[in-house]
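Enquirer: These protein sequences, in sequence, are chains A and B. Take the first sequence: its position 278, counting from 1, is numbered 306 in the numbering used here, and each next residue is one higher. Take the second sequence: its position 181, counting from 1, is numbered 209 in the numbering used here, and each next residue is one higher.
Any given hint might turn out to be false.
Since copy identity is lost for identical chains, a pair holds within one copy or between any two.
To be verified - No farther apart than 27 Å at their CA atoms in a straight line, the calculated lysine-lysine pairs in the DSS-like style are these:
#1 Lys356 <-> Lys318
#2 Lys285 <-> Lys318
#3 Lys409 <-> Lys318
#4 Lys216 <-> Lys335
#5 Lys213 <-> Lys390
#6 Lys333 <-> Lys356
#7 Lys335 <-> Lys164
#8 Lys318 <-> Lys399
#9 Lys386 <-> Lys337
#10 Lys164 <-> Lys399
#11 Lys335 <-> Lys356
No lab work stands behind these hints, which were simulated from the structure alone.
Protein chains: 2
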Amino acid sequence: MPKVLGIVAEYNPFHKGHLYHLKKSVQLLQPDYTIAVMSGNFTQRGEPAIIDKWARTQMALENGIDVVLEIPTLYACQTAELFATAAVKILDQAGIVTHMSFGSEYHNIKDLDKIAMILAEEPLAFRELLKLNLDKGLSFPLARLKAIQQYNSNLQDGSLSSDLIDLILTGSNSILALEYLKTIKKLKSTIQPVLIPRLGSSYNAANMEGEFSSATSIRNAILSGKSWESIASALPDISLKILKASINQGRGPISLKSFEQLLFGIIRQASPEEIASWMDVEEGLENRIKRYALECTSIEEFLSKCKTKRYTYTRLQRVLIHGLLRIKTNDVARFQRRCGPSYLRILGFNSKATDILKNLKKTSKLPIITKPAHYYRHKTKDINSMFELDILASNLYALGFPNPEQRLGGQEFTQGVLMI
Amino acid sequence: MPKVLGIVAEYNPFHKGHLYHLKKSVQLLQPDYTIAVMSGNFTQRGEPAIIDKWARTQMALENGIDVVLEIPTLYACQTAELFATAAVKILDQAGIVTHMSFGSEYHNIKDLDKIAMILAEEPLAFRELLKLNLDKGLSFPLARLKAIQQYNSNLQDGSLSSDLIDLILTGSNSILALEYLKTIKKLKSTIQPVLIPRLGSSYNAANMEGEFSSATSIRNAILSGKSWESIASALPDISLKILKASINQGRGPISLKSFEQLLFGIIRQASPEEIASWMDVEEGLENRIKRYALECTSIEEFLSKCKTKRYTYTRLQRVLIHGLLRIKTNDVARFQRRCGPSYLRILGFNSKATDILKNLKKTSKLPIITKPAHYYRHKTKDINSMFELDILASNLYALGFPNPEQRLGGQEFTQGVLMI
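Pulled out of the complex, with its shape left as it was, chain A reads as follows (with noise of 0.2 Å):
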């Protein structure tokens, strides 16, 4: 059976950072293969990507991933957990995935791994302290960051200071990571987790830092139109050179920026009862976002005055993805109960990769989307609807490119899957 790496990416775009990671997987594990679960058009900090699937599956694939899968649209633009979940599921339904690496800002495994327990197994007493944190009014995150330390401190071997978790459970990393073991534990996978330590800045970075940079510092030069010099230092070669090729397309860079008149249209459009049926839109919130799409005229001023501490900047943006692909509570909730992620979407793949892909054929628990035109002979009713919502994804993510003769509609079907 041969050695398969699994890694749950962004690639937006894809840095020194992620290189590093893959290549010290590489060394550590030896696979024989690695597979990639890469966000599509819309990504889970609720933004769209600053260059679109395809030009992000070639920059996997050409910097080392021997096959790219697409994570549903439904799952891609959701909580940590929700996102984390899907990924996982997705490696492990896959049928091949031997192992799974990912970075953290924190380094011992061995930690993670107790916090994990908890989430996994949920014991009564831990459940009880995470409804009384919730009943005082605090925050779900915050909530369960309270439980988990008044759990550990009551547990005989509870060895993890409270400062510890604290630290662990601050970083976007580490909570991926989290959710990664919580879900292999809940899923009781064979899939061996691996921690690679992360060099360089914070996943949050705002300001570029040197060679390791992070993604949303390298967004935010270029779409601040910095100098290609100051943006080169930070990206392997070929990112760059497939980042300059969308550009100069005309198919980037993107940013909600791109979005803010349908965005703002599909708000002041609709009411307030509309709104509030959009994934992660609770308690009065609906009414915040109705009143400062009418009081603000940019995407940056409404996501400022929305803010609030219960409602950061990530869930505000997450909420006008869901907004613009329609996706509803009702909808997640309804998908989650019946099937989680379901489908394999294959966006891109090398040579090597030919021998593994026809294992997969059998090994798959999912049925595998390579041609998308096929995708509704199955003929099931949770594979099309998923599925048709990353085909709605793509037909927007086109309105936002900057080049209009590239705002075609269907570049699901005409893009075809990516071989190197």
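Fit chain B to the given chain A structure using the hints.
Expert: Chain B in isolation, oriented as in the chain A frame:
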């Protein structure tokens, strides 16, 4: 009782033809007051007005109109029949309008009146002919034209030749004139209709032709960036000044192109079933709309590909506006059954009009809206939902302004009634 002249117009923009019409009418009738019923931010041809309704109200007042009323958005962007009927109803229900003057390509009001009589009375024989023609698959306007010709030729005093009827029913303004006459008859209104022969180019002429150029040709010249010198000759000085001021503030010029992302986004988002519910969409047009919104990247291309003999540019443009404003066939039908236009919205007036406005409060059969912020005091559902469409229209129209700072929502409330 004062003599009050009513005029239905879009003043998009107010040009020398409009001024000629106003002056001729005043010369002929010597009214004490003139009231214009004007489209708001969206017009009968299914387009956003080139500058907003407040600037166009100012144009009307500065050029000599005493009071400007707004046709509710629900009716402003409809077929000649719905538009004209609503406009005449507003004038009639104001309770003080004694005369109504309008232009027409065809100048003999007696002939127009004969046709209007058939349309108003709808004799059984005429209805049967109309049905027969519709059953043959003819479009409604053509079936109606043929039925009038056939019915008229069967009359003993059928003095109108088929060629003449042809001529009348192919002139945009003659068609509107017929609808005005028809509605006056149907309402048994005491308003006296007066026909003022038109000067200069026809309503639809695409290119400017000197002093009496059509509004369409003037808009085309502005939108294609022609020099002010070439446009100036067709506009009264004060109109030119107001137009320039709007454009200098970045509040124009506006066209369907200004809403390209929003329109494509709405159509790509919507299911064919939803599109089928929009006013003026019938018999599979939803599939054409859906298809070409994916296959096209500009509004111009979309309209030219969607167009057929049956679905004219004007109709398709109206469908786009109905999609934008969510105007549904069922809603229009419900309003038609229940009430028709359900308020008098005053956009502006001059100092001379103070007396007539006092009068209006006593004579009007419809509630008067002067302060939009107070509209909800009219607790009638019909008024509220009809007026909320005017609010939505302004909130979305603002998103088309070239200057981002002008794109605020809520301008319906902040602009206030214009007094000069």
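Enquirer: Work down the list of hints and note, for each, if the structure agrees.
Expert: These are the hints, each one checked on the structure:
1. Taking the closest pair of Cα atoms, lysine 356 and lysine 318 come within 27 Å of each other both inside a single copy (17 Å) and across two copies (22 Å).
2. Taking CA atoms no more than 27 Å apart as the test, lysine 285 paired with lysine 318 passes in both settings, with 18 Å inside one copy and 25 Å between copies.
3. Taking the shortest alpha-carbon separations for lysine 409 and lysine 318, only the inter-copy value of 22 Å comes in at or below 27 Å, while the best intra-copy value is 33 Å.
4. In this assembly of identical chains, the alpha carbons of lysine 216 and lysine 335 never lie at most 27 Å apart, being 39 Å within a copy and 58 Å across copies at closest.
5. For the homomeric pair lysine 213 and lysine 390, the shortest alpha-carbon distance inside one copy (24 Å) is at most 27 Å, but the shortest distance between copies (77 Å) is not.
6. In this assembly of identical chains, the alpha carbons of lysine 333 and lysine 356 lie at most 27 Å apart only when taken from the same copy (23 Å versus 33 Å across copies).
7. Proximity of lysine 335 and lysine 164 under a CA criterion of 27 Å is satisfied intra-copy only: 21 Å inside one chain copy versus 60 Å between copies.
8. In this homomeric assembly, lysine 318 and lysine 399 come within 27 Å of each other (Cα to Cα) only across copies, at 22 Å, whereas the closest approach inside a single copy is 40 Å.
9. Within a single copy, lysine 386 and lysine 337 get their C-alpha atoms no closer than 49 Å, and across copies no closer than 52 Å, so neither meets the 27 Å cut-off.
10. When the C-alpha separation of lysine 164 and lysine 399 is checked against a cutoff of 27 Å, the pair qualifies neither within a copy, at 50 Å, nor between copies, at 44 Å.
11. In this assembly of identical chains, lysine 335 and lysine 356 lie within 27 Å of each other by CA distance solely inside one copy; the values are 21 Å within and 35 Å between copies.
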